[in-house]
Amino acid sequence: MNLLVCVSRVPDTATKIFVGPDGKTIDSKGVKYILNPYDEFALEEAIRLKEKNGGEVTALTVSADDATDILRNALAMGADSAIFIKAPSEPDSYQVAHNIANSVKDKNFDIIFFGRQSVDFDSFQIPSMVAELLNIPSASVVSKLEVNGTKVIAERDIEGGKETVELSTPCAISAQKGLNEPRYPKLPDIMKAKKKPIEEVPFFPVEAAVEVISIALPVNKRVGKILGDSDADINEIVRSLHEDAKVI
Amino acid sequence: MKKILVYLEPQNNSFKRVSNELITAANNLAQSSGSEIVGLCIGGNTSIYPSAGQFGLKKLVSVDFSGAYSSTAYAEIVSQVAKAESADVLLFASNAAGLEIAPRVSAKLDAGYVADCVGLEVADGNIVATKPVYAGKALIKTKINKSTKVFSLRPNVFTAIKNDVGSPEVTNFNANISDNDKKASVTNVSTNAGKLDVSEADIIVSGGRGFKEAGNFAMVENLAAALGGAVGASRAVVDAGWRPHAEQVGQTGKTVSPNLYVACAISGAVQHLAGMSSSKVILAINKDKDAPIFKVADYGIIGDVFEIVPKLTEKIKAVKG
Ligand SMILES: Cc1cc2nc3c(=O)[nH]c(=O)nc-3n(C[C@H](O)[C@H](O)[C@H](O)COP(=O)(O)OP(=O)(O)OC[C@H]3O[C@@H](n4cnc5c(N)ncnc54)[C@H](O)[C@@H]3O)c2cc1C
Numbered sequence: 002m003n004l005l006v007c008v009s010r011v012p013d014t015a016t017k018i019f020v021g022p023d024g025k026t027i028d029s030k031g032v033k034y035i036l037n038p039y040d041e042f043a044l045e046e047a048i049r050l051k052e053k054n055g056g057e058v059t060a061l062t063v064s065a066d067d068a069t070d071i072l073r074n075a076l077a078m079g080a081d082s083a084i085f086i087k088a089p090s091e092p093d094s095y096q097v098a099h100n101i102a103n104s105v106k107d108k109n110f111d112i113i114f115f116g117r118q119s120v121d122f123d124s125f126q127i128p129s130m131v132a133e134l135l136n137i138p139s140a141s142v143v144s145k146l147e148v149n150g151t152k153v154i155a156e157r158d159i160e161g162g163k164e165t166v167e168l169s170t171p172c173a174i175s176a177q178k179g180l181n182e183p184r185y186p187k188l189p190d191i192m193k194a195k196k197k198p199i200e201e202v203p204f205f206p207v208e209a210a211v212e213v214i215s216i217a218l219p220v221n222k223r224v225g226k227i228l229g230d231s232d233a234d235i236n237e238i239v240r241s242l243h244e245d246a247k248v249i
Numbered sequence: 521m522k523k524i525l526v527y528l529e530p531q532n533n534s535f536k537r538v539s540n541e542l543i544t545a546a547n548n549l550a551q552s553s554g555s556e557i558v559g560l561c562i563g564g565n566t567s568i569y570p571s572a573g574q575f576g577l578k579k580l581v582s583v584d585f586s587g588a589y590s591s592t593a594y595a596e597i598v599s600q601v602a603k604a605e606s607a608d609v610l611l612f613a614s615n616a617a618g619l620e621i622a623p624r625v626s627a628k629l630d631a632g633y634v635a636d637c638v639g640l641e642v643a644d645g646n647i648v649a650t651k652p653v654y655a656g657k658a659l660i661k662t663k664i665n666k667s668t669k670v671f672s673l674r675p676n677v678f679t680a681i682k683n684d685v686g687s688p689e690v691t692n693f694n695a696n697i698s699d700n701d702k703k704a705s706v707t708n709v710s711t712n713a714g715k716l717d718v719s720e721a722d723i724i725v726s727g728g729r730g731f732k733e734a735g736n737f738a739m740v741e742n743l744a745a746a747l748g749g750a751v752g753a754s755r756a757v758v759d760a761g762w763r764p765h766a767e768q769v770g771q772t773g774k775t776v777s778p779n780l781y782v783a784c785a786i787s788g789a790v791q792h793l794a795g796m797s798s799s800k801v802i803l804a805i806n807k808d809k810d811a812p813i814f815k816v817a818d819y820g821i822i823g824d825v826f827e828i829v830p831k832l833t834e835k836i837k838a839v840k841g
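If you read the sequences in order, they're chains A and B. Heads up: the first sequence at position 84 corresponds to 85 in the working numbering, and the numbers run straight through without jumps. Heads up: the second sequence at position 150 corresponds to 670 in the working numbering, and the numbers run straight through without jumps.
The shape of chain A in the complex, shown without the other chains (with noise of 0.2 Å):
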């Protein structure tokens, strides 16, 4: 199988953020980067895929920074070769999936696979917007998934329980956690990944469709009233909550 996911470089989930001097960016400094913790399942699932029915697994990514450093890592999980599209400044979703389609339109990929949601702007949106422009059906938050031949059948979690979704190749995938346990990769592997091909391919030059006015850390709005343990203090908390807040 050609198998392809799309794999994108994000802050650390746990790193603190600064707002950059622009007041439209984030300040990069003493932020650690690592693969979106979502594209791993994808990559995970990709390689499974390939260790049964053959093929190869591509990974790529569109990045403003030199992105790598992500590409060995999915190369040393076991994808076999990356392909990196760098873009000239922070390109927004819209170039990004367009930059995607545009790349792999000729390159006949069955499933190309991707994370339900990167965790720097938590859109969940570039995996549909692919698929659409490529004219190919797509699961997303997929937390199950069945390949025989052309035939997929993808289980996605939807509010209150789960749909089935059936679908053929060539589609798109995005996946969430429960789908499969990533593999931590071994030395050897590391070792291997730094021969494997990375191909840089230029820009598609596309303008984007969102324009970023302001970034800010959320202001605290909090009543913040923390008490103790007496029956006092929980009393009063029930009080607040009925007669203050009117939640209960």
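To be clear, the hints were calculated from the coordinates, so they are not data collected in a lab. Accuracy of the hints is not assured; some may be wrong.
Said to hold, decoys possible - Once the Cα atoms are required to be at most 25 Å apart in a straight line, the calculated DSS-like pairs of lysine-lysine come out as:
#, chain 1, residue 1, chain 2, residue 2
1, B, K815, A, K226
2, A, K17, B, K835
3, A, K108, A, K17
4, B, K578, B, K603
5, A, K247, B, K666
6, B, K628, B, K603
7, A, K152, A, K163
8, B, K661, B, K522
9, A, K247, B, K628
10, A, K222, B, K815
11, A, K222, B, K661
12, A, K17, B, K800
13, B, K603, A, K25
14, A, K163, B, K536
15, B, K815, A, K17
16, B, K682, B, K800
17, B, K715, B, K807
18, A, K247, B, K835
19, A, K187, A, K197
20, B, K840, B, K815
21, A, K51, B, K578
22, A, K247, B, K661
23, A, K108, B, K702
24, A, K30, B, K522
25, B, K628, A, K222
Just so we're clear, the structure is a prediction, and the values are computed from it rather than from any experiment.
Following the hints, complete the assembly by docking chain B with the ligand onto the known chain A.
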């Protein structure tokens, strides 16, 4: 902004609550921009249409669709309606269906799209959308530089306001859908029947690792029952196998914005906060006075959950009579 198209989702005998929230949000935008509003409902029972009028919807486009739900087909229908109506602003819910359809529609219409908005306002003739980023650690304000603009709105953040305008005027639309548009279709839906889901509950009581074992969650269930709410959990609890993944709140779980979120023995790790910090009122119970959860809490009780939760349950039952 000429016309706002609001994507409405039928559920049993009404529209989903979030659909009414979208109508209110559209009304607010329309007031400051003079746009028209039209609702769109695909499938579902037409007898529920008048209920949308109670929230101020005057016009509704109805599309008859029998057969299984299909994200590809629904996206095609929405864009056909958007074109026919010359809608230039489209609103969806940031939920399982909305998050699949909205990006597809935006690609079909070559629109700009901002997902999971928690604020929308009109400034200088454009819509400024606010959305949380970096797991809720920052908020960005954005605007779309395309003539067609698509937004999805986080459920339960925009309050639905009653504004009865009578039954909406209904137009039937015949969508032109081929088999090719049904390339992904739902063959089965399983729901946790009878159990309130965290993503749709007004009140959530969540428990964390501090409960020590699965059996102790009975305390959390009792408090949730007393409040008429749903049970939630931190990832530590789900990973330990004490609770199902469907109950997990946070970045890897569900994003929730209930009226009341009670966090019991949950430390308040950033990934947990990502899922619940837009809750309207937060009550935290933790024995560690320095637990980060207290930084986002409106109300807090410092102490042992094993003592506090049963007491709190009794006192709440008394207040609720
Ligand atoms: C990529 C990634 C994604 C993640 N996604 C999520 C997510 O979606 N949701 C999520 O919740 N986490 C998520 N996490 C995990 C998160 O970082 C924390 O590990 C987790 O939230 C901790 O759960 P907890 O608060 O229950 O446990 P702990 O951090 O162990 O905290 C337990 C708390 O209980 C208190 N306590 C203990 N005993 C008592 C008692 N008797 N009475 C009162 N208080 C008591 C302690 O003081 C402590 O504050 C994610 C992590 C990563 C890296």
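Which earlier hints can't be squared with this structure?
2, 3, 5, 9, 13, 17, 20, 21, 22, 24 and 25
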